[in-house]
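Protein sequences appear in the order of chains Y and X.
Mapping of the first sequence onto the numbering used here: position 258 corresponds to residue 273, and the numbering continues sequentially without gaps.
Mapping of the second sequence onto the numbering used here: position 152 corresponds to residue 171, and the numbering continues sequentially without gaps.
Simulated from the structure, these hints should not be mistaken for laboratory data.
Be a bit skeptical, because a hint or two may be false.
Stated by the list, open to error - With the Cβ distance kept under 7 Å, some of the chain X side facing chain Y (calculated, not the full set): (1) M44; (2) G55; (3) L65; (4) R69; (5) P128.
These numbers were taken from a predicted model, which means no experiment stands behind them.
Just so you know, even glycine gets a beta-carbon here, dropped at the ideal spot from N, CA and C.
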Amino acid sequence: MRSVNQKAWFFVLPVLVLVAFNALIPIMTVVNYSVQETFGNNQFFWHGLGWFQDILQSDRFRAALGRQVLFTVMVLAIQVPLGIVIALAMPRKGFWVPVCLVLMALPMLIPWNVVGAMWNIFTLPKIGMMGYFLNDVLGIRYDMTQDPVAAWVTIVVMDVWHWTSLVVLLCYAGLVSIPDAYYQAAKIDGASPWKVFRYIQLPKMKTVLTIAILLRFMDSFNVYTEPFVLTGGGPGNSTTLLSIDLVKIALGQFDLGPAAAMSLIYFAITLLVSWLFYTLMTKDDRR
Amino acid sequence: MRKRSLIPLVYILFLLLPIYWLLAMSFKTTNEILAGFTLFPQTFTLANYRTIFTDPTWYWGYINSIIYVSINTVLSVLVALPAAYAFSRYRFLGDKHLFFWLLTNRMAPAAVFALPFFQLYSAIGLFDTHIAVALAHCLFNIPLAVWILEGFMSSVPKELDETAYVDGYSFPRFFVTIFLPTIKAGVGVAAFFCFMFSWVEMLLAKTLTAVYAKPIVATMTRTASSAGYELGLLAAAGTLTIIPGAIVIYFVRNYIAKGFALGRV
């Protein structure tokens, strides 16, 4: 049992100061902008909750939010089952395990704009490997700068390429922690592979799976660099996710008020969903 | 059994294809790239790499990135160590709330913070320094380091601490000579993840720098847009950004799967 010791605060203090400096001051700046109107020259006027109303009612925000949600749902729906399947099929011990893990972790170590640039090169029609094979060998018309469906397929496949390994690594870590005795017991009872998965492997993976889904949700909902470098939000606005739209408004048009209000709504949605999911998943543990 | 191991194999092939393509393209001449599809470089050239290693605006990008990533990794792990120890060993006022608040900082979209960060670091005169980027990346790296280290520390029985005190060890001496060696795998994993997330991040790094501390990720985007269609050069620069990560991951290959599994939710 952990003992009560208020002096422990001193241990936490450096972390608190550093994170608060980076988190509280910028977020207060954003809050400050979100309730003011400016006409340039650094003159600001009180605008109340006007920006929030405008944003929540604007079709542009809703469309961008819809695309962001669609992206996150597709990414989670593909990566989580795929990650579990791959983790289950991995060998448990032997020479190949570290090799597999290192190779799988490789995409996660590539800077995000390089990932975008890399997939851009990979999918160019005529020149890129994937673009060439789809267009010239298989005869499927594929050009993500023209066709919104192709652009969507590309950003989703890119994210699957980039991040499925995180789910695999986490699930694999959960799986190797299961003692052999569990499997032997299941074998004696004559349990089918599905039952072994449902009643032994899945419960053991619950903690790591919660972390995996939480991390994947947060990161895919906030994704910016990779799709921006790959498609630039196009063709048209078809892949302009909420984060891309936000940067366009804040740094492109320099509309500080609306951008700040949008940031706060965005952050609130992320927090709310993460908190709900976290509470639901850990509900059983607390009882 | 044979059939099953096909799944990871196919997956790894899928992962390696775009990386191979990047590598192959970095050895091609611009003419060959634009002429059409070739699976292997026909006229093998090192010109792209030569450009990067001889042009200071290119190679300084790598040096700058490595400097701020190193500062950030050391700083994050150093301050996270005592905090993680406090979270794993003691209860104190507001500990649970503090822990959750730390984690929420990972949820803030970097896009939200870009502009305020620029203003904050300009105001305190750190804009365009390595320290600015290193400090800014603490926002998401410190919570992660605390989280991972706390998991590793909690798996060390408390009796270890108590025995050391009975033996007359002072706290700092116990922490450095006994406790740290016990959780060195955890320190390695935490450092690895800090390195990784600082290395791959680009929006904040790009926003907080202009000339002197400009990271390679920013160099790449600007050169790509100004030089037009130098795909070979872009590919070579991209290939070089994979190497530091690959080196670091080699050292922690046996711990990487454990890293998150020990963390508590």
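Checked hints:
1. M44: holds (6 Å)
2. G55: holds (6 Å)
3. L65: Violated. Min distance 19 Å.
4. R69: Violated. Min distance 20 Å.
5. P128: Nearest chain Y Cβ about 4 Å off; hint holds.
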